[in-house]
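Residue numbers (the numbering used here), protein chains in the order written: chain P, 313 to 941; chain L, 4 to 199; chain G, 11 to 483; chain S, 3 to 110.
A couple of the hints might just be wrong.
[Unchecked claim] When the alpha-carbon atoms are kept at most 16 Å apart in a straight line, the in silico EDC-like pairs for lysine to aspartate or glutamate are as follows:
1) Lys-471/P to Glu-353/G
2) Lys-396/G to Asp-383/P
3) Lys-422/G to Asp-383/P
[What the hints assert, rightly or not] Here are some chain L residues the structure puts well away from chain P; computed CB gaps all over 10 Å:
4) Pro-25
5) Ile-34
6) Tyr-41
7) Met-80
8) Asn-109
9) Leu-126
10) Lys-132
11) Asn-150
12) Gly-152
13) Met-156
14) Pro-162
15) Leu-165
16) Val-178
The set of hints was computed from the structure by calculation and includes no laboratory data.
Glycine included, every Cβ here is placed at the ideal spot set by N, Cα and C.
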Amino acid sequence: MNPIILILGLPLLGFIINGVLGNKLPKIVVGAIGTAAVLGAFVIAILNWSIISQPENNTINLDLFTFLQIDQLSLKVAFQLDRLSIWMTLIITGIGTLIHLYSISYMKEDEGFYKFFAYLNFFIFNMLLLVLGSNFLMMFFGWEGVGLCSYLLIGFWYKNEDYGKAARKAFIMNRIGDLGLLLGMFLIISQFGSLDYSVVFTQIAAGNTSNSMLTAISLLLFVGATGKSAQIPLFTWLPDAMAGPTPVSALIHAATMVTAGIYLTVRCQVLFALSPLTNEIILWVGLGTAVMAALVGLKQNDIKKVLAYSTVSQLGFMFVALGTGAYTTALFHVTTHAFFKALLFLGAGSVIHGMHHEQDIRHMGGLKSKMPLTHLTFLIGTLAISGFPLLSGFFSKDEILTAVFMHNKVAYALLVGSALLTTIYMFRLYFLTFHGQYRNHHYAFEKVHESPINMTLPLMVLAVLSIVGGALNLPAYLTHSEGFLFNWLKPLFMIPQSIHEIDHSTEYVLIGIAVLIFVTGFLIARNIFVTKATIPAETSTGLGGLLQNKFYVDEFYHKVFVRPLEITSSILHDLFDGLILRAFTFGIFPLLKLIGRLNKKVQNGNLEMYLLYMVIAIVLLLGVNLIFA
Amino acid sequence: MYRKDKFGIIKTSKMSEISSLPLQFLILSFITILSALYVVTSKNPVHSVLALILTFFSISAHYILLNAQFLAIVNLMVYAGAIMVLFLFVLMLLNLSKESEPIKSNLWGIAASIAAGMVLITLTAAFQKSGIAVMPAPSEGIGLVKNLGRVLMTEYLVPFELSGILFISAMVGAVLLGKRDKNSEELVDLNNNNNA
Amino acid sequence: MELILIPILASLIWAFLPIKSRWIASGLSLIGLVVLLTKYNQGSFPDGLVVFDQPWLGESVRFTMVIDQITWFMLLLTQLLLPIIVLSVKDQNQKLIAWAFLMQAGLNGVFMAQDGLIFYLFWELAMIPIYFITLQFSEKDNFVTTIRFFIYTFVGSLAMLASLIYLALLSGGSFAYADLLNTQLSHAQSLIIGGGLLLAFAVKIPIFPFHLWQADTYTNAPAQGSMLLSGIMLKMGLYGLIRWYMPLAAESIDFYQPIVMTLAVIGIIYGGIIAIRQDDMKRITAYSSLSHVGLIAAGFFTLNASGFNGGLLQMLVHGLNVVGMFLIIDIIQKNANTRNLSELGGIASKFKFFTVLFFIIVIGTAAAPLTSGFPGEFMLLNSVFKYNSIHGLLSGLTIILCAVYMLRIFQKAALGSNEIAISEISFVDYLPLIIVAFTVLFIGLFPQVILEIFPLSVEKLMLEISNAKGVLS
Amino acid sequence: MLNVFHNLEISHYIYLSTVLFSIGLFGVLFRRNAIVLLMCIELMLNSVNLLLAAFTEYMGDANANGQMFVFFIMVVAAAEAAVGLAILVMVYRNTRKTDVSFLDQLKD
C-alpha cells in the first residue's frame, strides 16, 4: 500500500473514530487512538526515509482522482513524498505525537476531551495534506484546513465569547492571506495552465516567464504566507490565538502551522529565487516583524503571550533567511524552532497546569524547586532560543545572521538587536517564572505540583532534541563540508542555492558577536530580574506602555479597518439600501399615486366631458394620421 | 384642389363646381342642413323633433336622387314615422314640451363648436386627401325592393335573423326598464334630497 | 411531460384531499426525482431529448419541452431540493405544500421549455405560488412586501415578454428556440432585446441594484418560501441568463458584459459588507445570497468554460447550502422563537449533533476546501480573475467577508455562554439537514461527479454563443 | 331614371354628410336634454346612412351592400332609440330630470 495513504489516512481515521465514537469511549482510549494515529504516521514516514534518500531525488507519488477538470486544466487529488515533504512530515508527526501524549494529561478533566483529540488529529491530517500535496490545490486544501482547525481549537472553550472572537480573528486574518494565495494560484493557472508543482516549476526554471509575472505571483503567494505565518501586517491573530489550550499553541501556533508560509516559500524556491524584488520585500517584512515582535515581547506578562510574540519574532527570522535566499537555513530554523518552541510552550503548559490555570508571570516565581523537571527543560528551551553556543538555536540563528550579514549590513545590525531582545525577554520570562519569590496569593505554594510523566516525557524528548538539533545542519567551519540538511535538500532546488563564500576570520567574528549578544542579554535580564528582582508593573507608561499595548496595532486595525467596515455596513444597509435605492425604485409609487389623483379629476362621471374627450381624441388621432401619413 | 371630372376636364375653382350643381341637390341640401341646425339649436324639444322629421324627409329625397327608392320609403316609415313618433310620445309623456332645459354656459358652447368644427375640418381634410373625385356612375334597379329583398334573404340572411333577435332583446329590455320598480319610491326620495 | 403533470396532480391532491403527512408529501415529490433519474441516459445527449412537442397557438408557438444536460441538471436541482423543503414544512402549513408542488411544475416547465412563449408562461406560473406562499403563510402581515416583490419581478417579466415578442417578430413570427437563435439581429435590436431579457433575469437573480425585493421578502416570507425562492427560483434567472439571454442576444454581450460584471462584483461586496452587521439570521442569509449569486452571474458573463461549469456547479451548491441555512434558521426559530443573533447562543452545549450539521453548512457556505462551496467558488473566481484581475481581486474579497459573517452567525447562534431554551429537535427536522450536510461534504470531495453531468451541453451552448457573437463581429 | 343628375360628384355627398354629422356632434356636445341628445345621435346616424347610399350608387354595386348596411343601421338605431328612451323614462321617473349633467353617478 502506498505509504502516503497511510500517513494521511491514519490521522484521518483517528479523527473519524474520535469524532463519531469519542463520546462513548473512555478517555484513555480516545487519547490512545489519537496518539497512535499520529505515531503511526510518524513511523511510516521514518520507514520510507530510505526510499526517499536515494541519490536520484526519489519521490513517492500518489494520484487519487481528478478533483476538477476545467477545459485543459486538470486539478488532481495527488500527493508526493519527496525530501522536503518527508522532512516536514517528520516534524509534524514527531512533535505531533509528543503533543498528543502530553495532551492526554493536560486535557484530562475537560468535557470536550474526545473533541479535542478529534480536532488535533484532523489538524495533523490537514497539515500533512498541506505538505504532501503535489500541486498548489492540495496545498491550498491543507492551508485552509489547518486554518479551520486552528479556528476550532482556538475557540475550543466555546462558551467564552472572547475566545470565540480570537478564533474568528485568526480565521479571518488567515483568510485574507488565503485570498492572496488563491489569486496567486489563479495567476499560475493563467500563466502555466497547471497547478502541478512539477509542471509549474519546470516551466519557471526554463526561464520563459516574464519577470514581472514572477514577481506578481511570488508576491501574492507571499501575502498568503504572511497570513499563515503571522508576519506584518497580518500578525495580530497569533498572540490572540493563545486563547486555545496550551498543547494547541505548542503544536499549531508554534511548531507546525505557522511555518506553512516558510514551507510554501521553500517549496516554490525556484519561483522566489527568480524574483529579487519579492525577496527584498520578504527580507524587510521579516526583519520588521522580528524586531517589532521582540520589542513587544519584552513587556508582556502573560506567559503564553511572551512565547507567542517570540514565535512571531522567530518567524520573522525565518523570513529574513528566505529573503536572503538561504532556504535551507530557513527550514533549519523551522526545525530547531519547532523543537525548542514546542518545548517552551509545553513547559509553559506544565507550569499553567501546575498552577491551576494561572498564566500571569507576575503571579509566579520560585517554581524552580516545585517543578524541577519542567524548570530544567524550560531552561534548556530558553538557552536554545537565546542562542547559547552549541545548542540547536545557536546554529540555526547564526546561519541566518551570517546570511544576512552577507546580504545587507543594516539588516544584520537590526537582526542582531532583535536577537539581543530575544535573549532578554526569554530570560525575563524564565527568571520571573522560576526564580525569586512566589507571588500568587490565590493559590498556595504548596499546591503547586510537578506534572505527570506523560507530560514531562515529551518535555524531556524535546529538550534533548533542542540540544542536539543543531547537528542536522552543522556549519562548515565545524565539519568542513556543507550541513546535512543542505545536502538533503540540494537535489530539490532547481536553481542552486547561493553558498556564502565567507572567509573564516569574518565568520569567527560573527560567531563571537552572536555569543556576545547572548551573554549581554543574559546579563541584562539577570541584572534586572534577579539582582534587582524587579516585578513588572500593572501598567507602563511611555515607551513601555507602547510596547505593552503592542504598538496599538490592534487598535489601529480596529479603527482603520474594522470600524469603518462596520460603519459602511450600517450605512449601506440603512441609508443606501434602505433609503436611497429604495427611493429610486419605489419612488415611482407616489408618482403613480399623483397621476392617479389627477386622473380622478378627469374621470368625474360627467358624460359630456367624456364625450368631449372622445371627440378630441378622434380629432387628434385622425389629425396625426393626416399629418404623418 | 385640382380634380378631374369624368371628361378629364380640370376644374380649378369651387365656384364653377357649385354653379354646375343640379338645383334639386342644392335645395335639398339646403333644407337638410337648415333643419338639422334647427334641431340642435331649438330650445323647445318638440320643435326639435319636428325639425328632425323635416330633415329625415329631405334625406329621403336624397335617397331618391341616389336611386335608393326602397330605402327612401323605409327611412320615412321607420325614422320619420316610428322613431320620431316615439320621441314625441315620450316628450309628451314626460311633459317636456316646454322650455325646460337649463342653458349651458357660453364656454360650453364655444368648446362644443370648436370640437365639432375640428371634426368637420379633419374629416374634410381626410376626404380631400383620399382623393375620391369620380362621378357616380348611374345604374338602374339596384335600390328597388326586388333586388334588395334578394340580397337580404341570401347574403345577409344571418345578420337579418340576428337583427330580429336584437329587436326582441331591445323590446324586452325596454319593457323591463319601463316597468315601475317596487323600490323606486325610496330612490326618488333619495335623489330628490341629493338634488335639492 | 410527466415532470409537469405529476406535480400538478400532486398539487391538486394536496389542495383538495385532507392528507396531512409530510412523509407522503415528500414521497410524492420524490416521484419527480425518480422520473428524472430514469431520463438520465437520454438526457446526456448534448442536443437534448424532445420529451413533448405539440402545436399550441397555431404553428408559431409550439409546446416544446426538451431535456438536455444542463436542463437535466437544473431539473435535478429542483427535484432534489423539493423533498427537502417539503419535509420541513410545519404541520399547520400543509396547504403550503400544494403551492410548492405547483411551483415545481412551473419550474420544471421553465427549465424544459424550448419556446419563448412557453418559457414565459411557465416563468409566470412559477411566480404565482410563491406569491401566495409569502402572502398566506408568513407570521406577520406581509402584504406590502409581497406586492413589492411581485411588482418588481413582474416589471422584469414584462420586459422579457416584450423582448421575446419583438424577437419573434424579427424571426418571422415563430417563438421556437431554434428560430429565435437563428435570427440575426442588428446591434441596436440586440441591445433592446438583450436589455429586456437581462432586466428580467437581473431582477430575479438578483444583480446589485435590482435586489431590493430580496432581503425583505426573505425575511418576511415563511422559511419554506425563502427556501423555494433562494434555493430554486433564483436559479431560474441564472438559467435564463445562459439559456435565453446569451445565445439569443449574443450580439449585445459585448456591450453588457462590462456593465453586468461590474454590477455583479459590486453586489458581491455590497451583500457581503451588509451581511456582517445584521442581526436577523434570515437577513444575513439574504444578503449572503446576493453576494453568492452575484458571483455566479459574474462567472457566466466571463464566457469561459471555468465560469460556466463553476457557475452551474455553484447553482446546485448554493441551492443546497442556502436551503440548509434556512432549515437551520427555521429549526432555531421554531424552538427559540427568535432568530435574532443577539438573543441566541449556546446551542452547542445542548445539541452537539445539530451544531456539527450547522457548522458543516456554515463552512460549506463559506467555501472552505473539502466542502461543496469551494470548487464552484474556485472556478468562478478563477474565471472572473481571468476576465479582469481587478474584478477578480474584488470578488475574491467575498471569501473573507463570507468567512466573517458566516462565522459570526455560527458563533453568535451556536456558541457562547447563553442558554436559550430549546426543546427537542425531532428526527424529521434532522433528516433534511443531514441530507444537505452530506451533499456539502460529498460535492466538496467529488465535484467532478457533478461536473460530469453537463459537459457536452455546456460546450454546445458556449459554441452557440460564440457563433452568435461571431455573426456581428 | 334620374340621370339628369349624373354630373353630381360623390364629394358633394361627402361634404353634405360631414356637415350633417358635425351638426349632430355639436348637438350632442352642446345640448343637455337627454332626448335631444338622442335625436342628435339619430341625426349623426342618418348622415352616415346618406353617405352609404351615396357610395352604393357610386360603386354601382349590384348587391347594394351599402344599402344593406343602412338597413342594419336603422335596425340598431330603432333598438337603441327604444332602449334609450326606456332608460330615459326610468331616469326621469327617479330624478324628475332628463339633464345629462346630473347623471354623473358613474364617478364612484
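Hint-by-hint comparison with the structure:
1. Lys-471/P to Glu-353/G: Holds. Lys-471/P to Glu-353/G sits at ~15 Å (cutoff 16 Å).
2. Lys-396/G to Asp-383/P: Judged against 16 Å, a Cα distance of about 14 Å means the pair holds.
3. Lys-422/G to Asp-383/P: Distance ~42 Å between Lys-422/G and Asp-383/P Cα, so the pair is violated.
4. Pro-25: Label holds. Min Cβ-Cβ 31 Å, cutoff 10 Å.
5. Ile-34: About 27 Å separates Ile-34/L from the closest Cβ of chain P, which puts it past 10 Å; holds.
6. Tyr-41: The assertion about Tyr-41/L holds, with a minimum of 22 Å to chain P.
7. Met-80: holds (30 Å)
8. Asn-109: holds (15 Å)
9. Leu-126: violated (7 Å)
10. Lys-132: violated (6 Å)
11. Asn-150: holds (35 Å)
12. Gly-152: holds (36 Å)
13. Met-156: holds (36 Å)
14. Pro-162: holds (26 Å)
15. Leu-165: holds (27 Å)
16. Val-178: At roughly 25 Å from the nearest Cβ of chain P, Val-178/L sits farther out than 10 Å, so the non-interface label holds.
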